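Q: Sequence:
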Amino acid sequence: MVGSLLSAPFADNDLLEASIEAISDAVLITDAQLDHPGPFIVYANHAFCQLTGYTPSELEGCTPRILQGPETDRELLRTMKSQLRSAQTFNGETVNYRKDGTAFRMQWSIRPYPSDAEPEYYIAVQRDVSSLRDLEQHRRQLQRLVDIQTQVGNAGLDLQSLREQIAEIGLVVTGADGAAVEEAIDGEMVYTAAAGGAESSVGMRLPIAGSLSGACYRAREPIHCRDTHIEPRVAREAADRVGFRSGLLVPLIYADECFGVFKVYAGRIDAFSASDMEVLSMASQVLASSLANARRFKGERDRRRLLVDSLPILIAFIDPQLRYREINATYTRWYDLPADQIIGRPVADIMGEAAFANIEPYMLAALSGQHVAFESLFPHPSGRIIPVAVDYTPLRGNQGEVQGFYAMVRDVSDRKRAERDPLTDTLNRRGFDDQLELAFATARRYERPLALIFLDLDHFKSINDRYGHTVGDDVLCAVARDLCAAVRDSDIVSRWGGEEFVILAPETPLIEAEQLANRLCRMLAEQHYSFVGQVTASFGVAELTPKESKSDFIRRADQALYAAKTAGRNRVERARGPE
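In the working numbering, the protein residues as written are 1 to 579.
Hint data in this document are derived by calculation from the structure and do not stem from the laboratory. Don't take every hint at face value.
Unchecked claim - 25 angstroms max Cα-Cα, derived BS3-like pairs, lysine-lysine: (1) Lys461 <-> Lys565; (2) Lys550 <-> Lys565; (3) Lys550 <-> Lys99; (4) Lys99 <-> Lys461.
These numbers come from a predicted model, not from an experiment.
Take the sequences, apply the hints, and build the full model.
A: Given below as structure tokens:
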């Protein structure tokens, strides 16, 4: 039976089974039937079930093929089967799929058992490396953007030289077979510069109304063409002539003027990734800027325009002394200072000592080599306080030393507004879910306490019925303000729905959460609210237990709330332990 080792040759070793269940890596054991329809799953530990979303009963009688999907590397699977037939240990990495259809990057090692005889089982140890690969990709993108900025900066002001440099950049950042700068001239798209396989195509003309380049130019939107033989907008004869079977096209837009298209292509189907498109789209903004300046002024160069000047986020490189070494134009607009009054100065001088004190620990962590991501409130020079999402990515030298870090700061005001309940201004369910996800992961990773407090206003329907919904809304707002004022700074108050609230209490064991709930219960009962007088609430309290899922954690707290209401209301009940 899946979920126990009874069918395996080490069934009598309870300690081994307990050890496998305790580790964080996913473990899957199959029989040795490599030919279709096998192999069949004989065991999956708890970590595997958490990773994939399948229950032990759902895995019983299945094969690992249930994890495969469109992006699973079939060639790698053939290599795996070949090595296992030769009784070799296999190591690999590919895309797998959870029960709910979401993809993740899985790294796994499979070894035959026993290793010194004809295998009876295969033991696979698996790990989700999606976040690690995303981080690696993020760092590569940042480095590629910096490289592009440097190359454009060294291209000079000669218009044709700049065009040719841009085409070469396309080859470098995407690995394309060919690249071209196409500009709209006299109603046609003209290859004004090209590189790689397209180099001999300079001067080629395509109709705006009958080509993929023209479609990109007119729509002002990037196009990811996976196969020119399927895409109806392609000028097939010209595409086949230059070897264009798949490609990426991004519009060159500057000052609301689209004057051309930047295109890279390859001679094979689906040669480019979403990451290639992202980098090319970001790069197109500075490339368009540089090209437009060269076209318009031909003798004047704006050295302050960096690769990311057009991006609506603050981007900087900060050295080990916590001084600005590179900034984008958004910094000059944010602080209303010219670049030369920011570059070289300490971060604390620019943003102010108070704001700097809040983020200094994160910056020091980045200088120690950690990738850091967090959200905070940043003061704007105008006096407004703006919620931002911050990302620090260290830059290492050839010897592994940290030379500084890239700082990316995004204004998330719109997202924060979407996470707020419009009536009480507490977090709504969406905002609470995000906070719970983060707190849950932290508590799990570092084995720290985490508590939930559910509360429901007693007999609230009678308030609405007697005084009307406007008074009821006023009561909800007043209760929300009182709760937010009474909890600790680290606690998070959210409106769960209707007259029900939830409080997330990180670093809080059950006894402290119960004390907090009792204090809040007494506070509400002692308050006097306009029109309605006393308002009481029932509370349910739960602490996260080892191996408990988020849904079970919430369910236990909700059951405790129900118990409080059943026991007479205006009281606190502690959740029972998980079954």
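Q: Work down the list of hints and note, for each, if the structure agrees.
A: Verification of the hints:
no.: 1; hint: Lys461 <-> Lys565; in the structure: 14 angstroms, holds
no.: 2; hint: Lys550 <-> Lys565; in the structure: 23 angstroms, holds
no.: 3; hint: Lys550 <-> Lys99; in the structure: 17 angstroms, holds
no.: 4; hint: Lys99 <-> Lys461; in the structure: 40 angstroms, violated
Hint compliance for this structure: hint 4 is the single one not met.
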